[in-house]
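Chemist: Sequence:
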Amino acid sequence: MVSPDPRAFAIHKIWLSQQDEREPVKKNRDKNQAMSVARLVKETLTYLKFGDKFEKMFAVALRSDSTIK
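According to the numbering used here, the sequence shown is numbered sequentially starting from 1199.
To be clear, the hints were calculated from the coordinates, so they are not data collected in a lab.
Nothing here was measured: the structure is a model prediction, and the numbers come from that model.
Please note that a few of the clues may not be correct.
No more than 27 Å apart at the CA atoms, straight line, and that leaves these computed lysine-lysine pairs for DSSO-like [claimed, not checked]: (1) 1247 with 1229; (2) 1251 with 1229; (3) 1240 with 1251; (4) 1225 with 1240; (5) 1240 with 1224; (6) 1240 with 1229; (7) 1247 with 1225.
Computed Cβ-Cβ distance ranges for the label pairs, DEER-style [to be verified]: (8) 1247 with 1199: 21 to 27 Å; (9) 1200 with 1222: 31 to 37 Å; (10) 1217 with 1237: 20 to 26 Å; (11) 1223 with 1246: 27 to 33 Å.
Glycine included, every Cβ here is placed at the ideal spot set by N, Cα and C.
With the sequences and hints as input, model every part of the structure.
Modeler: Right, here's the structure in full:
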């Protein structure tokens, strides 16, 4: 099965949750999903790391808005 990197999913969802034009219900859902996946990565998928090396793959706007560390 091919799937996106869960760290990329979390960063994308955090970014979505911070978009002004996003519906409030969706913004809240996006943030909750991002934090849940980030927690899963940190606690269970410990071989995957958040950090500068990984985050350099993303646009600066996504990196600076990310609250996942």
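Chemist: All hints are to be evaluated individually against the structure, with a verdict given for each.
Modeler: Each hint tested on the structure:
Between residue 1247 and residue 1229, the direct Cα distance comes to roughly 19 Å. Compliance with the 27 Å bound is thereby established for this hinted pair. Taking the CA atoms of residue 1251 and residue 1229, the gap is near 23 Å; set against the 27 Å cutoff, the hint holds. For the proposed pair residue 1240 and residue 1251, the alpha carbon gap of about 16 Å is at most 27 Å, so the pair holds. A threshold of 27 Å between alpha carbons decides the hint, and for residue 1225 with residue 1240 the separation of about 22 Å falls inside it, so the pair holds.
Between the alpha carbons of residue 1240 and residue 1224 the distance comes to roughly 24 Å, so the proposed pair stays at or under 27 Å and holds. With a CA separation close to 16 Å, the supplied pair residue 1240 and residue 1229 stays within the 27 Å bound. Of the pairs offered as hints, the one joining residue 1247 and residue 1225 holds, with about 25 Å between alpha carbons and a cut-off of 27 Å not exceeded. Residue 1247 and residue 1199 have their C-beta atoms about 22 Å apart, which keeps the hinted 21 to 27 Å range intact.
As the Cβ distance of residue 1200 to residue 1222 is approximately 33 Å, the hint placing it in 31 to 37 Å holds. Checked against the hint of 20 to 26 Å, the C-beta distance between residue 1217 and residue 1237 comes to roughly 22 Å, which is consistent with it. Our hint of 27 to 33 Å for residue 1223 and residue 1246 holds, since their Cβ atoms are close to 29 Å apart.
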